[in-house]
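Visitor: Listed here are the chains, written in short residue letters.
Protein chains: 2
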Amino acid sequence: MHKHRVIFHPSGMRGRFVSQKTLLEVAKEMGVPLESVCGGEGWCGRCKLIIEKGMGNLTPLTDTEKKLLRDSELKSNYRLACCCKVKGDVAATVPEISKRSVQVVRKAVKEIPVQLKPAVRKYYLEMKKPSLDDTQGDLERLLQALEKQHNLRDLSVDYLILKELPDVLRKGEWKVTVSVWRTKEIIRVETGRKDVAYGLAVDVGTTTVAGYLMDLSTGEVLAVDSMMNPQVSYGEDVMSRISYIIANSDGLEKLNKKIIDGVNLILLNTARDAGIGLHEIQEVTLVGNTCMHHIFLKINPQYVGVSPFTSAVHHSVDVKARDLGLNMLGTGNVHLLPIEAGFVGADNVGVLLATEPWKWKKVGLIIDIGTNGELVLGNGERLFSCSCATGPALEGAHIKHGMRAAPGAIEKVEIDPSTLEVHYETIGGEDARGICGSGIIQTAAELFKAGVFLRSGAFNKELKAPRMRKGADGYEFLLVSKRETSVGVDITMTQKDIRAIQLAKSAMYAGAKVLMKRFGVEKIGRVILAGAFGTYIDKRAAMLIGLFPDCRLDRVVAVGNAAGDGARLVLLNEKKREEADEVAKQVHYIELSLDPFFEKEFVEAMYFPHMKDSFPHLNNVLKRVSPQ
Amino acid sequence: MHKHRVIFHPSGMRGRFVSQKTLLEVAKEMGVPLESVCGGEGWCGRCKLIIEKGMGNLTPLTDTEKKLLRDSELKSNYRLACCCKVKGDVAATVPEISKRSVQVVRKAVKEIPVQLKPAVRKYYLEMKKPSLDDTQGDLERLLQALEKQHNLRDLSVDYLILKELPDVLRKGEWKVTVSVWRTKEIIRVETGRKDVAYGLAVDVGTTTVAGYLMDLSTGEVLAVDSMMNPQVSYGEDVMSRISYIIANSDGLEKLNKKIIDGVNLILLNTARDAGIGLHEIQEVTLVGNTCMHHIFLKINPQYVGVSPFTSAVHHSVDVKARDLGLNMLGTGNVHLLPIEAGFVGADNVGVLLATEPWKWKKVGLIIDIGTNGELVLGNGERLFSCSCATGPALEGAHIKHGMRAAPGAIEKVEIDPSTLEVHYETIGGEDARGICGSGIIQTAAELFKAGVFLRSGAFNKELKAPRMRKGADGYEFLLVSKRETSVGVDITMTQKDIRAIQLAKSAMYAGAKVLMKRFGVEKIGRVILAGAFGTYIDKRAAMLIGLFPDCRLDRVVAVGNAAGDGARLVLLNEKKREEADEVAKQVHYIELSLDPFFEKEFVEAMYFPHMKDSFPHLNNVLKRVSPQ
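Residue numbers (my numbering), protein chains in the order written: chain E, 1 to 628; chain U, 1 to 628.
Just to be clear, a hint being listed does not mean it is correct.
Reference excerpt, derived from the structure (chain U facing chain E, CB under 7 Å, subset only) [stated by the list, open to error]:
| # | residue |
| --- | --- |
| 1 | Pro130 |
| 2 | Leu139 |
| 3 | Tyr159 |
| 4 | Lys163 |
| 5 | Leu165 |
| 6 | Pro166 |
| 7 | Thr177 |
| 8 | Tyr303 |
| 9 | Ser311 |
| 10 | Ala312 |
| 11 | Val319 |
Since the hints were derived computationally from the structure, they do not count as laboratory data.
Cβ coordinates follow ideal geometry from the N, Cα and C atoms, glycine included.
Construct the entire structure; sequences and hints are all you get.
Guide: This is the structure:
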């Protein structure tokens, strides 16, 4: 079959490909780092290329491209790599804006203090070899040695291990290391002495998936990997994915495969980074909201979305890796944390394990910021939880210049209220490419403080300033002029962006108010901000836009990915699993869609920071903001 | 691709086939009932065809054919279907001798009296559907109902069942039937009330595999199927199969696949005969000698064959059907009975369960006749066992005119000692085609009684009679002239046949003698003959050829396939499984190859009925036999 030459500038990477492959597929095969949020589904518009030669050797411009590319781009021979197929030789340039950059894990993941009691433990054994006087079976010999040398009784053995046992025992000359899961089942037998065991803690978020490869003998994090949840192309929030599953008979199959493939990639990447084999990973613990949990297990999630909002199972679940199709030790288990109720799932249980609100005296609020936001309010007496569809705005999606926390992402912003001069910092100090989560919240807060938009969220049309202008999406504020960026376009925050932020923050705020009403409390004693970018959030900015009700600022703490921390805790200490099952049962879940006050609270919270509530701890700031 | 026409007479079945297929493959695809014992490996010589047209359109005559076909057959255009590939149009006749006939299960399998306590039991449930006041998880709801309505606690659930649970519960409108395995694990949830559960008991013999499909709610046998063990083409006895595995890196893989495919075929055939779906079969129990057991589980059996003869496991084993690749309910289990020691495996445990020798006062002998013969001797005090490689002669293999118990098989024979006139009966009263197991033993006994061969096993050359003659394999005795057969050839018993019978029977006899010596007993109070054709054996004939030491004939009982009965017992009553594990531990295994007396006993037992031992209970017969 005839093959066509494809070359990518500026890297100069080149190869030969058969017809019918898209340029995105070609780039993936060659390892060209080309951005693609939607994975080639044709809705994100991020895989822009400039065709230098051979435009006629590509399939014609599609409607998707006409919609997602600007006129100026179309005129400059821009194409979306996922939309054009190769029919002949092509040369293309990857513009700066389309270069995929690795999401930055900006600090070493913090160690979590926990006693090491992993579910998988290794035991070294030396046995007498069989003789005519001692002809017991290989398994019986192994079990006897485990009992005598390590006081382990009544163990079962995974069939796949039994299968290999005679050869392994003899290869190891009757000296072997046995991996035992939960003091119950033999899941591995290795020749000789092998002390180290590995496990992966996974947080499957609606938008982001993160994995932490851990050394189970030291508790150390050996490698971290994260990615866009590959299900994103089937819907951005849980309800739209459930709709997809209801509408398509193979929907569950497809979405399940996406996340299994995704976790397999994380297994591969972290194992490679740590320099270990995939079969060395002996256990995976996993958190996720109820919808993510169900789809991961290939359980139909549709009944979670409709009254009375029942899930398939609440208790924690252990499933053999081979039954799920995960590329790790096939006899190893995947432990999914329990589910609370409705969409408040294993991820929130992880947050609770990491924050332990049952130890509090004063009533506190835990906000897990994500596409599906989850709130817990309470103390040692009672805990209430709820879930709110915040959407992915605070994670950078649906924001015109939103991006992941990667080099060049604007993470800190200050705007002078009198001059509207902008000071900003980017990750890595590189030329700006876009705005990441923490930058989005801070930009909104600074624009509000400076009076660029009003308490209603509408841009202040009275304000005449060079940075204020009308763009394609209505009013917008120029943050960074294209001369200073690496992507060659102005970085702005638009009226549409503010509306998206507004919807997200008011869902959170209204949820908190409903929980406070249920608990019967007027003030909260502390706020914990959790979520992937929680560590970098400016808490004053978050309160200023009204992400949560008034609280003493020194009592607002950002803890980072607490759901992921919970997954790591149960990976390192199996006792935490019982704690998790216990707490999951005790939290009182409030279904916001059934709450009589939620809608009113939601409308009031649309204002910045709120239509009615006072913020004594922000008085200094708010009194400078125009009162409209 | 060009296709060639192939037509088979006398049925007239025809079809078109591409080059390179053998006539045996073509016949299989078309469903032409052509005999093939070795499954196309080219050693049995049973798939003879007469080529009517197109001899030039077949690949040339092979060495195998030259060896296995007689000169007269070669002259008459006979070919072996497995040895010639189609290169053009061919017309062939299937001679009577090559027509495959279904093995006859001559009597309905006897019911075995046992209390019905199957491991898989079904429970019907009616649940309240979820409401906003009762939002527990689907699994929690199911478990609660099982506890309240059936007093079942602490059940686990197979992940594959959890996966389907939300849909099944709602489809069944919260009325379902739950299958629980061993009061431990939920392995199926069906909508509505479904009372019947099915299971298959399988006996994997070295040469023959038999399966019994049972209704677990009534204990009734619904269908029976049996076949040649498909591993036969890799070696006729356990040691030769082990040699194959040692010599070939993919040997275990291949042999395992053969038996898994074989059991899958039995599942398919019996399910079809009973009119049920494959997934309705919820459990399989399986017996087999240690080598068959290991290969079925894909465990390397090589260490069983060499000192100190250790097996991978002695205890009974339960494995999920899906881990083995069996086409039945994937969440169902396969239960393998425990192993005693050496090659005395789960099959012998099955025999013990069915015969219960631990209840005996007098010392008895149990003989399980098979390619790998197994003996147990003892009583309520002690039990000894051993294994002897008898070879497949008593099952009809390696006997010139040996065949399976199918219509036309000679099963009963009488020979007049003075005239040497032969009276015989065939299965179904059809024209004779060959001799089946029970017929072989009886023919040998009658020939011995008539003085056709001597105590040494050598044909009596002094005897001049029309039926005595010299054939291609030395002396032979004409049983049925070709005019009376349906296969057009004389049916004889040859000197070589007698030698094969002699080796088999002396291995058994010598084994029994070694066990008697160990127990310290001179006489046995009873003999139980077990084995697939055991029911039809003439016990006087068996003792006359010296298959076992002297015993009162009314104390010799033939019980049929007791190993298979044992598999059925544990299928119907789970308590029998503990009994099996217990007895397997208590039997004293004697390794004959290490016994100092075995060789001498073996040589002495080569005589008919024995070189030295007296047979008081056969005195009437033996005194008429010439004393040479």
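Visitor: Would you settle whether the hint for Tyr159 of chain U is holds or violated, based on the nearest Cβ-Cβ distance to chain E being less than 7 Å?
Guide: Where the cut-off is 7 Å and the nearest Cβ of chain E is about 5 Å from Tyr159 of chain U, the hint holds.
Visitor: Can Ala312 of chain U be said to touch chain E, with a Cβ gap under 7 Å?
Guide: Holds: closest Cβ of chain E sits about 5 Å from Ala312 of chain U, inside 7 Å.
Visitor: Please check whether Ser311 of chain U passes as an interface residue: C-beta within 7 Å of a C-beta belonging to chain E.
Guide: OK, holds: Ser311 of chain U within 7 Å of chain E, min 5 Å.
Visitor: Interface hint check: Leu139 of chain U, Cβ to nearest Cβ on chain E, cutoff 7 Å. Holds or violated?
Guide: At about 4 Å, which falls below the 7 Å cut-off, the nearest Cβ of chain E leaves the hint on Leu139 of chain U intact, so it holds.
Visitor: Holds or violated: Val319 of chain U as interface residue toward chain E, Cβ cutoff 7 Å?
Guide: 5 Å, holds
Visitor: Let's test the interface hint: is any C-beta of chain E closer than 7 Å to that of Tyr303 of chain U?
Guide: Since chain E brings a Cβ to about 5 Å from Tyr303 of chain U, closer than 7 Å, the hint holds.
Visitor: Would the hint on Thr177 of chain U stand, with a C-beta cut-off of 7 Å toward chain E?
Guide: 19 Å, violated
Visitor: Can Leu165 of chain U be said to touch chain E, with a Cβ gap under 7 Å?
Guide: 5 Å, holds
Visitor: May I ask you to test the interface hint for Lys163 of chain U with respect to chain E, counting a Cβ-Cβ separation under 7 Å as satisfied?
Guide: At about 5 Å, which falls below the 7 Å cut-off, the nearest Cβ of chain E leaves the hint on Lys163 of chain U intact, so it holds.
Visitor: Quick one, is the Pro130 of chain U hint okay against chain E at 7 Å, beta carbons?
Guide: At about 4 Å, which falls below the 7 Å cut-off, the nearest Cβ of chain E leaves the hint on Pro130 of chain U intact, so it holds.
Visitor: For the hint on Pro166 of chain U, does the least C-beta distance to chain E fall short of 7 Å?
Guide: 5 Å, holds
Hint check: a violation occurs at hint 7 only; the rest are consistent with the structure.
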